[in-house]
Structure formats: structure tokens, C-alpha cells
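Chain A is already provided as a structure; the job is to place chain B on it using the hints.
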Amino acid sequence: MAIVTMREALNQALREEMQRDKNVFLMGEEVGAYQGAYKVTKGLLEELGPKRVIDTPITELGFAGLGVGAAMAGLRPIVEFMTFNFSILATDQIINSAAKMLYMSGGQFNIPIVFRGPGGSAFQVSSQHSQALESWFAYFPGLKVVMPSTPADAKGLLKSAIRDNDPVIFIEQERMYGNKGEVSDDPEFTIPLGVADIKREGKDATIVARSLMVPVALKAAEALEKEGISCEVIDPRTIRPLDIKTIVESVKKTNRVVIAEESHPFCGVAAEIASEIMERAFDYLDAPVKRVSGVDVPMPYAKNLEDAAIPKVEQIVAAVKEVSYL
Amino acid sequence: MATQVIMPKLSPTMEEGQLSRWLKKEGDKVSMGEPLAEIDTDKATMEMQALGNGVLRKIFIQEGESAPLGQLIAIIGEPDEDISSFTNQAPASAAAKADAPVADAPAEADAPIVEKKEEAEEPKPAKPAETETPASGNGSHTPAPAAQPASGRLIVSPLAARMAAESGIDLRSVNGSGPGGRIIKRDVEGLITQQGSAAPTAAKKQTQLRAVPSPGQKSAINAPSAYRDEPASEMRRTIAKRLVTSLGPVPHFFLTTEIEMDRAAEMRSGINALDPGLKISINDIIIKVAAAALLQHPQVNASYQDKVVRYYEHADIGVAVAIEEGLITPIVRAADQKSLSEIANEVRELAGRARERKLKPEEFIGATFSISNLGMFGIDEFTAVINPPEGAILAIGAMSPKPVVRDNEIVVRQMMRVTMSCDHRVIDGATGAKFLQTFKKILENPLFLVV
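Residue numbers (my numbering), protein chains in the order written: chain A, 310 to 635; chain B, 92 to 542.
Chain B with its partners taken away, still in its complex shape:
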């Protein structure tokens, strides 16, 4: 049985992939799960695994070539198997198939020996179960048979599925009252009413539903932050609507402050002197301080999600890294829970892989706040553009000695200017200013980090 190897979907936004490197060549034995090739997506270089056992019989696209999702790029089969039906259809027909992501089975008449292996199809992104609907019985006029929870499949009416999706209801928590446990309109309606009328309690309930279990545990530290959704108030929605009409889809505003960095710099050299293995940077300290400040200002560690304002439990901080082709923001998950050395190591490791374009999607998608530092380029101050749906981004300028007035005397201090871009739909001026005040206070007196 031959297995068709097709261009898989390796990132949520990927439309085509470039074959970076074949890890096997024609004639090599391959087994299920073994790395077969490296694929460059729009975001990263990722390994593609073999989905069948046998010999890599034929490669259709060479290193450096691109193929749309679903295109046949190679065949795995038995050494003596007839694969002529596949070789005939590629690459010319493979290109023609760009519109049909799932490779067609060969016409049976042409290839009596070769069977398409079902599993060889595109590894489909796991569909949320709630969008599935029951297949109707063949000509049967009786209601669908009882649901089979054993299969883990939810039975939902199309309307109920749509309503749940629109109001962000997790259908797995809903009991269906229709025949065979089908989830129907009235089941979802009930929940929507609950959600609307009992906002505070509903919000609490949702936290429980969505929370990553035991956030304190180490195991959860590298997972995306848990959050609670609170219905956006009328005023919040009006603010959102009005501001968007004024400035782009994300209404930015900017807050700038100047921070005295002497103590932070002192702390950095002090720590690094403790152990030659430690290489803490000022930026690592900034990440840590931002995380600490975010926990004190949950309104800033938040994002506007159309109908709700989402508050995150942890500070998952995106760190903008310039790479050759552009930039990417790898994420330090739960930076509020990590030590400076952990943050330093993680940032170094992530930035390294970012430059090699080896980040996995979950490592750069879904930060709760971002930091962009152009200090190393001698930039005094700048404004950064928010990475939606995050609520804010902090732009860090260069640290430089400047004359300042302290106790009525002019003295020289290491000063650094930071500018926070805020999404006005979720953060108001005073809210952002208070956060920045805390950020400045801690950074100027880093001992607060241990208080």
C-alpha cells in the first residue's frame, strides 16, 4: 500500500510550504513518525514526519521548491510496488490540484494494485468537535440514533453550533436535550441567557472552565496563560467602537516615561558577578519587571475580544526579535513565575531558534503583552505597533548617561525612555499610566522584585 506524502499544514496561516531539506532520499527506508523533510512555512522551519512505513520511492519536489497545501510531494511504498499511477499524475497534475487540498485517490481502474492509504491524507488540523454535525441517516425518516459519547463526538444542530461559536460557549460542557443527546437551540440559548444575566458569576464559572489546571505547577508554566472572560460593558463597547473609527482597527495611544536605570544596571552586574555562567541582560530584567507590574495591573494584561474583555492570569511576554527576513516575537510564558536566570536562558534560546526560523507556532503565537527593544541601535525613544489581540506593547529606548536633578543638584544618571502603545479599547489613559508608574517604580528599585 503506497502512502501519498502531501504538503501538510504546519501553521495556522500557512498556505504553501517551501521544501527546505529532504532528510531522506529516494530509496531510503522510512518508518511511521520518522522525520522526512524540513519545510519552511511562512513563520518557521518545521519537520514533517512520515505517515507510513516503507521506502521513500519518489520525490516530486526538490529542495528550494514550494508547493501549496495538499499537493503530492512524495510517495512512500513497498520497494517493488507499482507507483506509476502517482508518477503519472505528478508534478503536472499535482500543480493543478492546488485547489483541492486533499489529494485525490488514483482512479481504481488505472491502478488496480495501488491503494490509497486513508491515513496518508493531509494531517487535518483537529477540528473543534462542536462544529461537527450528525450525518443524516440514509433515507431514514426516523430521528438519528442515540449519541455515542464513547466516540467523543458531539451531536449538535447547525444552528446551535453557530450560536455557541458566536457566544464563545464550549459545547463540550452542554447537555443536549434533543433526540440522542443532540445539542439544540434551546440548550445553547439557556447558557447565553445565564451568561448575560449573571455576569460576575458566569465569569467565574468560565474561569473554571477554561483555566489551565493548577497554574502554580511547573507543568503549566510553558502553556499559554489561563484567562477569564468578562462581558465587555456597554461603555467599553462604545469606547471601542468610537475609537476604532478614529484610528485603524486597533486604536493606539502612547505613554512615555523616563526611567533611571542605575540600580537595575547595578543589580545586573551584581548578579552576573555571582556566577560566570549567568548572562543576565537589562532586557531580561525589563521582562521580569514588566511581568511583575502586569500582575499588579490586570487591566493591562488583557485583550479586547469583540464581545468580551479577556484578562490573563499570567504574563506571557512576547519579545520582539529582529531576524533577517523581518521580525518575530517568541514568547516567555508565565514570565511572572520565572526567575531572572530562567528568563535569560529562555530568551537566548528562543531568539537563537527564531533566527534559524525553528520556532513552533505555539512559541510565537498568543502573548499577553510584548516588549520591543531598539536600545542597542541607539534609538532614544520610539513607538511600537501593537500585535493584536494583545492590549499593549512596550518600546524600550537606549540607556544613556544624562544630567538629571536629584535633591536640587545636577547629577549624572543612566536614563532610559520607554513608550507604551496601548489598545484604547481595553486600556484607558489612566490605567496605562498607573501601570507605567509601577513599572518605573520597580525598575528604578529592583529590590521590589523580591519584596
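This is chain A alone, in the form it adopts within the complex:
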């Protein structure tokens, strides 16, 4: 075990999996010579060579399609989007080809591909470059969607995503690359997809948080602990398949739930989780499920407004108090 950043943890996962399986290759803008816009692919070109680490032109739809074709031909591509904002250009290949190929080919073609890169808000990159798009991808049957919140989760989940035989959308939070944590150096360390993690145990209220909101929720839980309110923080880690069982078990214990997310509220992942909770644990709810979401506007450029658009510790604290009738 060593303390590493999320960036390093992802780099380890890529290196280990590419060493483990020669069919795994990496492509994207600036992943090779420049070693990645966020340095996640640092050192890989040098170690694994230009056949395994491929710099592409600025053509998201093109290289995403190339990846789907390579997967059909038996390779295991990892496609990096410089940020998921640019994946919007590639959605035809992701949604119409990658997600549906297994189904439409009558089970003939598995698409073992990972589309990965940073998502969510960053630091003052404004509306077009600060988007949380997980609900888009989670909407489609055929895609798995993963959002790690710690370096260990990032490594274990990315390794599982690369070994998975279906297309996986792997969204790294742009603000979290420098976050540090303990990470296993066992090359066989993986975390299964579809399993939520209880980041903190508690009994009075459940906070469901993913990605950037996990550390925020943990801080809120700490603040609430001082006021005698014990919060359970659950990180689904995989948005699809969603481990609703763990969430529902927690709600049955605490009877109240707040769902925190960086994304917009409307048709967001929190709305889906709230609906599942209502269907599965209605008789256990003592208060309506409460969402704390990003503000429903395009991300502002101005620093103060950007700050105001992203959920804060205080908002989660207030939401927990609201559902606890305090």
C-alpha cells in the first residue's frame, strides 16, 4: 500500500492492465507524446510503444468508431476523451454502435471497450467544459457507467472496466486528479462493477453521493456528527448497474435520505435513485427523499458564480436536517 494521487492510481491501472493483456491498447488526443492532457497516461508510450499508445487527431467521432471496430476485431481498446465534454461529438459511436452492437448482432460481437476521461466541473472552464454527463450514458441499456471518488476505487474499478467485456463509460472527476489516498500495488487488486461502497456508517440519515460529492458528503457527515446526527454515506461507484440494494438497506435503517450530486437535477441520476427508493422502501421513509444537485443553469465562468453552482457542505447539512425534521 502506498499513498498516491488519483492520477497516479489511474496510471497504475492502465499500465498493469496493458502489461497483463497485449490486446489492450490506448488511444486519444495527446495520450502519447504529451503524456496526457492531465498526465494520466504518463510514461506509457515510452514503456509500451506506439502500437499500444496511439495519438489521434482531434476527431472524437472518428477514433471512437475506430475503437468500436477494433473491439469487434478482438482487441480491447481504451479510448481517452480529453474531457467528457468532447465525448458529445462521439455519442453516435458510443450509443449507436458500442452500446447496441452485442444486441443487434444477436450476441456475436462483444464490445470490450473503455471510454474514459475527466468529467464534471473543473476550475473556471465555463459552460461547455464543465458538464456532468453521467445521466446521458446511464440512460442507455448496453453501457456501464463508473464514477470513482477515491484513488483506490479509481484503480480497482478501472482495472475491472478494462477486463469487462462490455462498453464502460469511466468518468474521472477533473477536480479530483490530485486527491490522495492509499492504493494497493497488488496487480490483481480490482473492485467489481455494480457494488456500492459505504464510505461512512451511520444510523440517523443516509447520504448517497458519487464522484466529487463523496468528500463533500463526508465533510457534511463530520459536521453533523458534532451535532449528534449520525450519517451513513454511500457511494454507488457504479451508476449502471446501480447497487440499489445497498442504498435501500441503508434507507430501511435510517428512514431518511439525501442524494448529493454535482449534475443538474432534472432527469439526473439522483432522480432515478429517488424513484427506486420510493418504489422499494416507501414504507420505511419518514420524510421525502431530498436531492442536493448542481444549479440548473449552464456552468458560469465567473469564479464566484461557479462556486455557487456546485453543491457545498452546508447545503448537504441543511438537507439532512430538513429530512430529519430538525
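Hints in this document: simulated from the structure, not taken from any laboratory.
Glycine residues also receive a C-beta, built at the ideal position from the N, C-alpha and C atoms.
Careful, some of the hints might be misleading.
One-sided and incomplete, this derived list gives chain A residues near chain B with beta-carbon spacing under 10 Å [claimed, not checked]:
1. 498
2. 589
3. 592
4. 595
5. 631
Derived lysine-lysine pairs resembling PhoX-like cross-links, with alpha carbons at most 25 Å apart [to be verified]:
6. 562(A) - 398(B)
7. 348(A) - 331(A)
8. 561(A) - 449(B)
9. 332(B) - 100(B)
10. 508(A) - 562(A)
11. 621(A) - 535(A)
What follows is a list of derived Cβ distance ranges for each label pair [to be verified]:
12. 635(A) - 283(B): 19 to 29 Å
13. 435(A) - 244(B): 46 to 56 Å
14. 283(B) - 531(A): 28 to 38 Å
Using the frame of chain A, we list chain B on its own:
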């Protein structure tokens, strides 16, 4: 505006009804509340009233036919109204709708003129208000607006509603501390703790909550008996659990005694001689005596209700009546408060209607004790099966002259054997025996009834 007539729910256990008789025919004028048809349910034949004004335009099921709850069985509408959209959908689609108890509104495009009348929907059994939950605001993130007690609607969190239902708490007596008066977990929790820690006082409180007002008044006499719930003790629960594993869901045991009936028979003929209008039977006397004995032995006038033992204030006595299709037990409410002639008239009237299957559900559901008499069939003695949740049932055998020893001499007396089946979860051997002792004492000396 056309009114859809659908098969209504007329008894708690009814799943389908058979149309016994149409009281109106197609083309007849009907007004709201007028009897429309007689429906045979699983328990009784009941009248169905019209829920709209107009003309009975179309009948979809004929006398003798059955329909599941909610099926469209007729249409009431204006004489010139277009009801083709309904006639098209019935009866074929009506049968298909068996799964959807509430009839669908016709597609608006097909029937621009015909509107479904909301009130015409199945007369839903009044839902206990406490199970209702507030509808969430449309996309609003603010808490629900203040409760509107004027509407009589309780605002309860789903959890609080469930907890209250499980512990038998009446939510109407609870003050909600949530936003807008919403009743929440902590409000119900408080009451549950109270209930547990202060058993005797809580029980008293509950009596007040649940008691039918002023039981002495005549008006209450035909209402179901008031009762008090006392938490079942640990020993009581263990007894219940253990015995159930031994014999069925209701652990029966049986107590038999032989009763000398000469004085009771004498009393009967004496009373009947007073007035040719009086037709008191031995069974009426038995009902009266059982009621009197039950009041002296409240442990027998009781039922086991999972977490509580329920003690009734009055003896509501179910009298098993054999009818063609089986049997039913009409109830003499508060028999302890009624005179013999009242009991006799009531039993005769109830039994008559029972044979015609015209009893209303409240007339045969919810006795506190039952009596089954097979004496008229010459049965000497038998055991009867308890009608849950009642605590006991008394099986009466035939009265016949027998030699018995009195003052060291053999004499002939009218003897009758009775066997009481007891629910061991609530009645123990000695408790039942003491009751039977009292019952026997009074029946052998009916003057006790006036003491």
C-alpha cells in the same frame, strides 16, 4: 353525462357478485340512491343503489350471471345520450377488465359526447385516513404546505403510517410535529413507548379512545361492543406461540359439563304462558345465561389479537344458524343488556333473514362469543370449531330425561350436555372451567338472572 354502474364491493371478502335480481329494467327512470338491483355476495344478498340520475339505458349482465368487482354491469344516462362507446366495450372488454377494478374512462376521441362521471366509480370502501400520504408537490423542493385539517385528511409519513398500523395506534389522536403538521416517526415512537411502559394506564386511555360512547344507552346496543386492549404479557405470548405449533392456528381445548335443565324449562313455559305472543326458546335462555356469565368472566369474553388480548365490554353473541348453503352466525349485540323477549325476537328475525341471505355484514361479523346448538338434531354432545378471532364457542347438545342421583336417590331430570371450545391463547383451562361453572349455576337456577 352517463354513469357507469359497476359491480360494487358489498362485503369485506367479496371478490365477485352474482346479479340476483334487477329492480329496474332497461328504459326505467332511476334517481340517485334508488335501489337498482340485488346482488348475491359470498355472504348475503344486498341491494345496490343507483349512483346517478337518468334512465337505465343498458344492462350488461343478466340475472343469475356473475361479475368481478369493478366490472361494468349497466349504464345510466340521458334518454337520448350516445352510449355506444360503453356498449362497444361491454361485455367482452368488461370481462377483460376484471384485473382493473375501476372501470376505465372511455377514450375521449371515441366518445366526444359521453363523459365519465367521477362519482360513478366503484364506491370505494372508506380508506382509513391514516394510510393516506401527502402527494408531493409538482417539482417543488420546498416542504409540503401546511396541513388542511378542514379537509379531514391526515398527513403522515409512510414510515409513521406503517408503525402506527403495526402497533394499533389511532393516528387521528396524534399531533404531527413535522412540517404542516405531518405525523412523523418520532411522534408515533413517543406513543409506542408510552404504550409499552405504562401498560395499565395506557390500556385505560385506549378504552376511552375506542369505547363506543355511553354503552348503557339504547343507541349503542346494536353497535359492536366496545373493548379495551391490554398488552399480551410475555407468558401469554409464549403460551400462544407454543400452543399454535401444537394444534392449528387456533389452539383449541374442550370443556364439557352436564346441566340440569328442569328449572330453565319450567321458566320457559312459565314465561310463554304469560303472553301468547311470547315464544321464548331454551336457546334464547342459553344466550341470555351465556351473556350474563360472560360479564362475570371477562377473560372468556376476549380474543387474542397478536400483540394484545382484547377484552370486550359487552357480550355480542353469535348464534350459528344452519342455512341451505352452509351456516352463518348472526349476532345478538349486547345480549347482556337485552331482555329474553328482545333476544328471542332478534334471534328469530336474524335467523329468518340469514336463511334468505339478507344479512348485512355488520350483522354477522364481529361477535365476542358464539353458541352452536345441534340439540334439535338429537346430538347428545359435540365440539364446535371456534370462529376466529373469538375466544370460545359453546356447543349445545340435546336436552333429554336421564336418571341422576339427587339426595342419594335416583330421580329423572332433563339433562343437557354442553362443550365449550376455548382458544388456549387467551383462555386457560381453569378460566374456562370457572366460566362454565357460572354458566351451569345460572342455567340450573335461572332466578340468578334477576338477582
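Hint check:
1. A hinted interface residue such as residue 498(A) counts as satisfied when its beta carbon comes closer than 10 Å to some beta carbon of chain B; here the least separation is about 40 Å, so the hint is violated.
2. With 10 Å as the threshold, the beta carbon of residue 589(A) stays out of range of chain B, its nearest partner Cβ sitting at about 12 Å, so the hint is violated.
3. Look at residue 592(A): its Cβ gets to within about 5 Å of chain B, closer than 10 Å, so that hint holds up.
4. Taken as an interface hint, residue 595(A) checks out: its beta carbon lies about 4 Å from the nearest beta carbon of chain B, inside 10 Å.
5. Taking 10 Å as the C-beta contact cut-off toward chain B, the hint placing residue 631(A) at the interface holds, the least distance being around 7 Å.
6. For the proposed pair residue 562(A) and residue 398(B), the alpha carbon gap of about 23 Å is at most 25 Å, so the pair holds.
7. Taken as a hint, the residue 348(A) and residue 331(A) pair is honoured in the structure, with Cα atoms around 22 Å apart against an allowance of 25 Å.
8. Distance check on the hinted pair: residue 561(A) and residue 449(B) sit about 47 Å apart at the alpha-carbon level, beyond 25 Å; violated.
9. Taking the CA atoms of residue 332(B) and residue 100(B), the gap is about 35 Å. The hint is violated against a cut of 25 Å.
10. For the hint linking residue 508(A) to residue 562(A), the alpha-carbon distance of about 16 Å falls within 25 Å, and the restraint holds.
11. A distance of roughly 18 Å separates the Cα atoms of residue 621(A) and residue 535(A); the hinted pair therefore holds under the 25 Å criterion.
12. Under the hint 19 to 29 Å, the C-beta atoms of residue 635(A) and residue 283(B), about 21 Å apart, fit the expected range.
13. Under the hint 46 to 56 Å, the C-beta atoms of residue 435(A) and residue 244(B), about 48 Å apart, fit the expected range.
14. Between residue 283(B) and residue 531(A) the C-beta distance comes to about 32 Å, which sits within the given range of 28 to 38 Å.
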